[in-house]
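Student: Protein chains in written order, with my numbering: chain A, 1 to 379; chain B, 1 to 379.
Please keep in mind that the hints were generated in silico from the structure rather than gathered at the bench.
Take the hints with a grain of salt, since some may be wrong.
Because identical chains cannot be distinguished in the list, a pair is counted as satisfied if it fits within a single copy or across any two copies.
Said to hold, decoys possible - Computed cross-link-like contacts, SDA-like style, restricted to lysine to any residue with a CA-CA straight-line distance of at most 20 Å:
#1 Lys-73 - Ser-208
#2 Lys-73 - Tyr-46
#3 Lys-203 - Asp-100
#4 Lys-73 - Gly-45
#5 Lys-272 - Phe-84
#6 Lys-328 - Leu-47
Remember, predicted model here, so these are calculated numbers, not experimental data.
There are 2 protein chains.
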Amino acid sequence: MENFTGICKVSAGITIKCRTKLLYLRSAALWPYWFETLKFFNTMGYLTKDKLVIVGAAGMIGSNMVQTALMLKLTPNICLYDVFSAEGVAEEMRQSGFDDANILSTTDPAVAFKDAKYIISSGGAPRKEGMTREDLLAGNAKAAQELGDNIKKYCPKVKFVVVIFNPADVTGLVTLVHSGLKPNQVATLAALDSTRLKSALAKHFGVSATEVKKAYTYGGHGEKMAVFASPTTIAGVKLEDIIENGKKVNGKGLNAKQWAELQQDVIQGGAKIIELRRRSSFQSPAYLAVKMIEGAMGGHVFNYPSGVYVDSKKYNHVMMAMPSFIDKNGVNLRPLKGTKAEIASLEASYEHLQNLRDQVIGLGQLPKVEDWKTVNKNL
Amino acid sequence: MENFTGICKVSAGITIKCRTKLLYLRSAALWPYWFETLKFFNTMGYLTKDKLVIVGAAGMIGSNMVQTALMLKLTPNICLYDVFSAEGVAEEMRQSGFDDANILSTTDPAVAFKDAKYIISSGGAPRKEGMTREDLLAGNAKAAQELGDNIKKYCPKVKFVVVIFNPADVTGLVTLVHSGLKPNQVATLAALDSTRLKSALAKHFGVSATEVKKAYTYGGHGEKMAVFASPTTIAGVKLEDIIENGKKVNGKGLNAKQWAELQQDVIQGGAKIIELRRRSSFQSPAYLAVKMIEGAMGGHVFNYPSGVYVDSKKYNHVMMAMPSFIDKNGVNLRPLKGTKAEIASLEASYEHLQNLRDQVIGLGQLPKVEDWKTVNKNL
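With the sequences and hints as input, model every part of the structure.
Tutor: Next comes the structure, spelled out in structure tokens:
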């Protein structure tokens with residue numbers, strides 16, 4: 001197909017190629033792609049025209065999210081909000097040639113949030129080397145409260161909000177409570193632990209990450225995450241069989257000690273990036289957060305776990321990573337399955353998140369749990 | 001089309017929609033899109049499988065280029081090269097879930113350049129506040145010489161190289177001479193001046209950048225650029241008519257003084273970004289450079305001017321922005337047309353570039369012009 005640069009050039013050899021390929025057109029399996037193409041024409045290539053607000057747009061994560069959203073053609077209506085001016089970022093985007101996009105930068109929340117339909121917020125302080133996510137708690141809980149208040153005040157009809165500033169499970173929860181939104185309308189970035197786990201397993205076994213299936217972590221984002229590896233397979237081989245029964249993939253095994261070390265590496269994944277880059281990770285959280293919003297906009301369904309508000313008998317009144325997906329209905333829970341050890345690990349994570357939540361209640365940035373309904377009737 | 005999230009759901013209402021859309025399939029105008037879709041299947045969604053090397057991948061521009069290239073699905077084989085380790089960037093990309101990509105990071109040029117088919121180099125020192133591009137000359141000319149040598153040594157069959165470190169016209173020239181490549185195989189980033197001009201005009205008139213046509217700059221990238229605005233139109237109105245005859249667009253005119261100021265703003269565009277962001281621009285050069293390589297890979301043709309090697313009677317033995325486009329044949333010149341004033345401005349720019357070239361010859365990083373053929377028989 002090297003010869004097709006857009007328009008079918010008629011020549012003997014290529015005509016034959018065309019005919020062969022035409023048979024392809026009839027395949028039912030390809031219908032989704034035709035519809036994607038048709039959808040493209042309906043929106044001039046954008047997934048939606050709804051207003052997307054990037055909060056913290058002047059920062060490293062925020063500015064990357066702006067570019068990512070434009071490159072993925074999510075919407076032409078994008079607003080860059082930051083307490084520091086993000087005009088430099090807006091100018092860079094205009095100068096990149098995203099000509100049909102309407103790129104606005106503002107430091108005024110009234111302008112930023114007015115009529116917003118989608119929001120991604122990285123609008124907290126960044127994590128510095130040596131800091132745990134929890135160290136950031138006090139300042140970022142306040143930023144989350146402001147975000148929730150701004151949503152309630154300026155865009156109560158927003159469709160979906162992604163919160164990614166740390167500790168994300170807590171800032172997402174604070175945002176949800178104060179925003180008045182429904183639980184399926186707010187999610188936090190949790191996928192990074194799962195992609196780190198997948199990537200570490202792929203590296204260990206020397207296989208493509210596409211060969212690592214169902215490697216997910218739930219619970220807290222960070223040191224207290226719960227690894228759910230009982231359904232994980234590497235190149236079709238169950239990870240459990242590798243760890244417990246000495247099976248090998250690509251000539252490589254993984255014993256219990258190595259597995260514990262690998263999990264520890266995943267837990268320290270963020271710190272490792274800081275060590276390697278001399279700055280905290282920004283490209284991976286930015287990309288994944290925008291992919292979450294893409295799911296909510298009706299694009300590719302986002303299939304990694306997200307931090308979601310849980311309100312079951314066992315886990316309730318916290319936000320934490322759970323088996324879930326994001327589509328145009330928002331964030332949707334999947335059934336939770338795990339071994340006894342995995343569930344125990346999730347329970348420990350849940351307890352940790354309850355403690356963090358209670359700290360924030362103590363700080364006055366969340367009402368007492370029994371009063372949440374008075375602030376947000378959807379809880 | 002909101003109801004189609006990938007698979008056609010069979011229901012009465014939607015079936016009717018399907019039929020309406022099917023008529024679309026027959027439109028000849030849509031053929032290019034079907035071919036794009038077919039091409040997608042042939043390469044698993046990537047434009048090519050050829051190895052792409054990002055030089056300077058640990059830096060702000062380099063790391064953005066890696067992400068941009070992966071997001072644009074240029075190739076799954078991407079190598080991150082830097083004298084500082086770019087492993088942190090590679091890890092971020094793996095952790096972004098680009099699972100089918102083969103992302104390698106190395107500090108060894110032999111590993112990096114071996115069998116490379118496409119290269120983008122941002123591998124120079126960045127421009128600091130207050131520095132002109134020329135201040136960077138000495139150090140970056142040396143980096144360009146090394147790049148050329150590495151190409152000649154490790155990947156003489158490379159298809160296309162984009163050089164973007166400043167002063168790009170000179171570093172591109174040094175790379176070309178030492179690499180042994182043909183002139184149509186090396187281009188430098190020059191589009192940013194044109195996109196800045198377009199963006200500034202759009203802002204002044206309060207129109208979409210899509211309404212600003214044929215606003216290009218040629219010659220040097222930076223203070224000595226030559227603005228070619230005689231063919232420029234704003235919302236269909238000739239810019240000349242606005243400046244000289246007082247015509248208005250959107251109720252706004254542009255007199256000669258304002259026009260001179262606007263051009264000055266464009267010239268200072270890079271410095272303005274440094275002022276706004278407290279760092280030099282990185283997103284726009286990264287994105288545009290990757291779009292140049294996309295053109296060379298046979299994707300969307302790159303239609304902004306590039307810095308190209310010129311060897312005409314009038315302009316020769318320098319690299320400078322010229323009317324050009326990049327497609328799978330490399331960088332191709334378009335005819336140059338301009339008013340007397342525009343041509344005079346280009347000549348001044350050309351003289352400036354000759355001086356820079358001669359400085360580099362003086363530094364010993366380029367042979368004397370008459371000896372170029374002994375280093376590169378394609379010149």
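Student: Given identical chains, is Lys-73 near Ser-208, meaning Cα to Cα at most 20 Å, within a copy, between copies, both, or neither?
Tutor: This pair counts as between: shortest inter-copy Cα distance 17 Å, intra-copy 28 Å.
Student: Are the CA atoms of Lys-272 and Phe-84 at most 20 Å apart within a copy, between copies, both, or neither?
Tutor: between (28 Å within a copy, 16 Å between copies)
Student: From the Cα coordinates, with 20 Å as the cut-off, is the pair Lys-73 and Tyr-46 best called within, between, both, or neither?
Tutor: Both: 5 Å inside a chain and 18 Å across chains, each within 20 Å.
Student: At 20 Å max between alpha carbons, let me know whether Lys-73 reaches Gly-45 within a copy, between copies, both or neither.
Tutor: both (7 Å within a copy, 17 Å between copies)
Student: Pop the pair Lys-203 and Asp-100 into one bin, within, between, both or neither, using alpha-carbon distances up to 20 Å.
Tutor: Only across copies: Lys-203 and Asp-100 sit 13 Å apart there, 41 Å inside one copy, limit 20 Å.
Student: For Lys-328 vs Leu-47, is the C-alpha pair at or below 20 Å within one copy, between two copies, both, or neither?
Tutor: within (11 Å within a copy, 29 Å between copies)
Of the numbered hints given earlier, the model fails none.
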